[in-house]
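**Q** Residue-level listing of the chains:
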Amino acid sequence: EAGVTQFPSHSVIEKGQTVTLRCDPISGHDNLYWYRRVMGKEIKFLLHFVKESKQDESGMPNNRFLAERTGGTYSTLKVQPAELEDSGVYFCASSHLRTGGTQYFGPGTRLLVL
Amino acid sequence: GENVEQHPSTLSVQEGDSAVIKCTYSDSASNYFPWYKQELGKRPQLIIDIRSNVGEKKDQRIAVTLNKTAKHFSLHITETQPEDSAVYFCAASNVNAGGTSYGKLTFGQGTILTVHP
Chain A
459 EAGVTQFPSH
469 SVIEKGQTVT
479 LRCDPISGHD
489 NLYWYRRVMG
499 KEIKFLLHFV
509 KESKQDESGM
519 PNNRFLAERT
529 GGTYSTLKVQ
539 PAELEDSGVY
549 FCASSHLRTG
559 GTQYFGPGTR
569 LLVL
Chain B
2 GENVEQHPST
12 LSVQEGDSAV
22 IKCTYSDSAS
32 NYFPWYKQEL
42 GKRPQLIIDI
52 RSNVGEKKDQ
62 RIAVTLNKTA
72 KHFSLHITET
82 QPEDSAVYFC
92 AASNVNAGGT
102 SYGKLTFGQG
112 TILTVHP
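Top line first, the protein sequences correspond to chains A and B. To convert, count from 1 in the first sequence and add 458; that's my numbering. To convert, count from 1 in the second sequence and add 1; that's my numbering.
Note that these hints are calculated values from the structure, not bench results. We put the beta carbon where it would ideally sit given N, CA and C, even for glycine. Take these hints with a grain of salt, some might be off.
So these bits of chain B aren't anywhere near chain A, every CB distance computed over 10 Å [said to hold, decoys possible]:
(1) Asp60
(2) Glu80
(3) Gly111
What the simulated footprint calls covered on chain A by chain B, stretch by stretch (three residues with Cβ under 8 Å from a Cβ of chain B suffice, anywhere in the stretch; the number is not a length) [stated by the list, open to error]:
(4) 475 to 482
(5) 490 to 504
Extracted from the complex, chain A is given alone in its bound form (with noise of 0.2 Å):
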């Protein structure tokens, strides 16, 4: 079974420009979940899909991130414009809704904004 992708690996981009990040769950996995991890720090929620719906998206930092599940398979996450905190580290995550929890991670894409 493939695990979760992630694309870019990394990022580089200048303030103010827009990135857009992708994400492919485990086939058959309903839940899609977005973390970040700034340098250092602690992993933090961002939002959760079931299928192509927002269930909570009460992690999203402001309204320069817009995540979209379109047809409920992949995902995407953009970044218009981009400012320098918000670098770091984007995980993508799935787990399948009868699995009670279990959640998978994608290897990450590293942004950086200069």
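Place chain B on chain A using the hints.
**A** Same frame as chain A, but now just chain B:
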């Protein structure tokens, strides 16, 4: 909302020693507590988890204990090996009574474990 505190932030042990990492949580509704291991540059990997209806769970050299009354849970690694060196994260979540996966993970701050040969 949920708040998870994790200690220590760094832990250095000699190969063969035991390592213990402790976490406390604030929300009594949390009922699922996973532990993730993240090696440098890699994805967080689930190593063990425990649900609130169980007080202890063991998997080879790794064990987790949960005290619901005190709202704390701990990771115990015995006979540590250099390959155990990594960042360890505890987390808490609320999985609903039907067992349907639900809800975000709230993570602790992480513990950098170094096992010296």
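**Q** With reference to the structure, classify each hint as holding or not holding.
**A** Comparing the hints with the structure gives:
no., hint, in the structure
1, Asp60, "holds, 14 Å"
2, Glu80, "holds, 26 Å"
3, Gly111, "violated, 6 Å"
4, 475 to 482, "violated (count 0)"
5, 490 to 504, "holds (count 7)"
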